[in-house]
Amino acid sequence: MSASFVSTSYLGTALLPSIAQTQSQLTALEVESSTGQYADLGLQLGDQSGYELSLKNQNELMQTLTSGNGLVTTSLKTSQTALDSIRSSAQSVTQSLTSWTSTEVNSGATLQSVGANALQSLIATANSTANGQYVFGGINSSVAPIADYFSSTTSAAKTAIDAAFQTAFGCLPTDPAASAITASQMQSFLSGAFANEFSGANWTGNWSSASSVNTSAQIAPGETIDTSTNANQSGFQQLAQGYTMLAEFGGSQLSSAAQQAVASAANSMITQGTTSITETEAGVGATLQRVTDANSSMSSQMTILETQIGNLDNVDSAAIATKLNTLSTQLQTAYQLTAQLQKLSLAQYIPT
Amino acid sequence: MSLSAAYNIINSAFLSNAAQSAAISSNISNASTPGYSREVANLVTNSYGGSDVASVTRETNAALLEQVNASTSQAASEQALAKGLTTLAQTVSDSATSSSTSGSTKNGNSPSAMLANLQDALTTYEASPSNVVVGQAVVTAASSLASSLNSGSAAVQQVREQADSDMASSVSTINSLLNQFSQVNATIVSGLATGANVNSAQGTRDSILTQLSQQIGISTVANPNGSTSIYTDGGVTLFNVTAQTVSFTPTTTYTASTTGNAVTVDGVPITGASSPMPIHSGALAGLANLRDTVAPQYQAQLDQIAGGLVNAFAENDQSGSGLASLPGLFTYSGATSLPATTAMTGLAASIEVNPAVDPTQGGDVSLLQNGGINGANYTYNTTGAAGYTGRIQQMIASTSATQPFDAGAGLATSDSLSDYANTSVSWLQSQNQQATNQVDYQNSVVSQATAALSNATGVNLDTELTNMLNIENSYTTTAKLLTTVNNMFTALINAA
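Those sequence lines, one after another, are chains A and B. Per numbering that gives the first Met the number 0, residue 0 is the first one in the first sequence, and the count goes up by one each step. Per numbering that gives the first Met the number 0, residue 0 is the first one in the second sequence, and the count goes up by one each step.
It is worth saying that the hints were derived from the structure and are not from the lab. Note that the Cβ used here is the ideal one computed from N, Cα and C, for glycine as well. Do not take every clue at face value.
In silico negatives: residues of chain A with every beta carbon more than 12 Å from chain B [what the hints assert, rightly or not]:
1. Q79
2. N116
3. Q119
4. A179
5. S275
6. L326
7. S327
Partial pick of chain A residues on the chain B-facing surface, computed with a CB cut under 8 Å [what the hints assert, rightly or not]:
8. T7
9. P16
10. L42
11. T63
12. Q288
Make the full structure from the sequences, and use the hints.
Next comes the structure, spelled out in structure tokens:
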């Protein structure tokens, strides 16, 4: 037979595969136009699926980190506020001490009350919490970092200080015998046995339950920072030391010269403490800034990631509309042709 | 020449008209029969000037038929593979959902997505380590990951079981077709020897060959006596004078370590690694490839991910007494030690969240934060500090740390766990994409080849109708001739 020979069965069915294909493309397009994404992404992306997944995972990790950073920010801001209040109360104590003279009436009681109030407020502020966690506890965030010095059952710290005084002078500060203590004796006690109570094992044993290890968290992919400070910082120790001097020895039986020595030692200690606290506060401020920077950098990265994911996943709606038109025209033509071809038979034209 | 001779010629004209009409009728009635080859009645002039039907032949085109059969085999093979791969791809089809904004949950259940969810949960846990509810969310995410691996592995084995049972039915179809072929072939050989019309038997034989090529790739050789021999496309004899028996013992239950039986012809394996002459196409080849190569490779990848998880979350000795590292958050049934990369077969099916940290199984979530799942020697947070995040940070880091993988799974031998899981999804989706594209391509090749064959050997109704009109005219004329000759005889007789 010649090359132009066409079998009737082929003539009738030639367009069937094309019609079926067009119809299946149309159903896919329907899905795509309603979701804005490829109908079968896995099939569309093939070996890029893993890349697309990794982009999505990265994006979600950043979302998780951003919401986690909210907690970090809360805890850091609480620390900042607390440190701020500790610093300002220390500054006001320093001011009172500057204007204080040992000669005025009830001078000792004034010292005592200034010290006791400041110490109480230091302890309360150091025990601030955020999200149920003590912000100055380091990783030991479930326990109040500074024990209550004035608790009804005599605190370990007070017992230790009384014992140290007893050892040095053979009496308690409230004992009238204490009036015999000279200013220089007092000075050497304050810088010696008394100072020892605020450092090392004495501090961690009697005063602080905080861990020196700070809590840390990831604030951005690969960026882990310390997200807290702790009450074992020198600022806390120095302030506690200065305040305790005033509280314990201010209203005591000490001579006015010895009281003067206490006041000046306390003044210098509190000034040092204020400096340390300011440094810590600056550190917290810097950390907060890092968290804010991490958030904004992650936010711009997420925008880029979402754009990239969109480039992979999303279909061009204009292209879909054009494709829909083309396909429906094609389908109509195919139907029309099939109907026309069915009519084309010699049998129709032979008179019976 | 005499008037009686004219009678004879007229008679032969009627006979050949009838034979031609029969051929045309057969052609018209089979115009829509797939694979039908049109018949042609061949006329010759006989000794006394009339016409005889010398033969009725089929229009055949062996080359095109071969092409149709070969492309049918290829398409069937790709279809079998694509069917299995599409089923497997369903298990990782989370790409179809848009990226969620909730950040912690994602639709779909690929191990890769579940691993990312676990990382997110751990990151949240790191921000509030003493929060038990957040810790439980980590355990939940870990359980989802373990069950994603379990169900992925189950899907792989189900695909293999299905392939195995499809192979069994394919083999029984092949045997039944070979038997039919044997009978038809014998009919043709004896028919040709006795000069009978074997056209319809030859049509049947061609159609059996096309059906056979659906199941198995074949090549055929025509013998001088009219019989046909069939060989697999790998070269093993399927039919030569007698049909060979194709045998296969199905395996009903598959696990990661199960190896399916090979299909054998006369004792020679034609599928599987041990086959000296493997088949390359046909549904049987596609199914065997799916069952023995593609699905097990994906299983191996899942096993590597599972084993990698057990290793990444393992707890190290913290007591300094040199104890071996033991499974932590993830463990597997019967675990006594960490699995080596070469011994992870079947882990994806048995990986589970350690009951020691799962509150629903009486476990303690805080062991995640502090370590110590394997006892006090493995406790990282020795002071019990509530804000301790060191262990959580280690776990987060371990999912992105590089670790070794077995080369047998076909992916990188050194990669981070999350990248490995992503690559595995890529691998599966790309296999699926290729197979689907191949199916589309091979199907269009089949329809092209079928169209070409149909055009070469099929029936055109208009042509048949034209021929029929010719025959009708010829019949009318012959009848007229008969009347005329008859009139002449009558005139002759009346004159006498």
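Hints, one by one, checked against the model:
no., hint, in the structure
1, Q79, "holds, 18 Å"
2, N116, "holds, 30 Å"
3, Q119, "holds, 25 Å"
4, A179, "holds, 46 Å"
5, S275, "holds, 22 Å"
6, L326, "holds, 16 Å"
7, S327, "holds, 21 Å"
8, T7, "holds, 4 Å"
9, P16, "holds, 5 Å"
10, L42, "holds, 6 Å"
11, T63, "holds, 4 Å"
12, Q288, "violated, 18 Å"
This entry does not satisfy hint 12, going by the numbered hints stated previously; all others are met.
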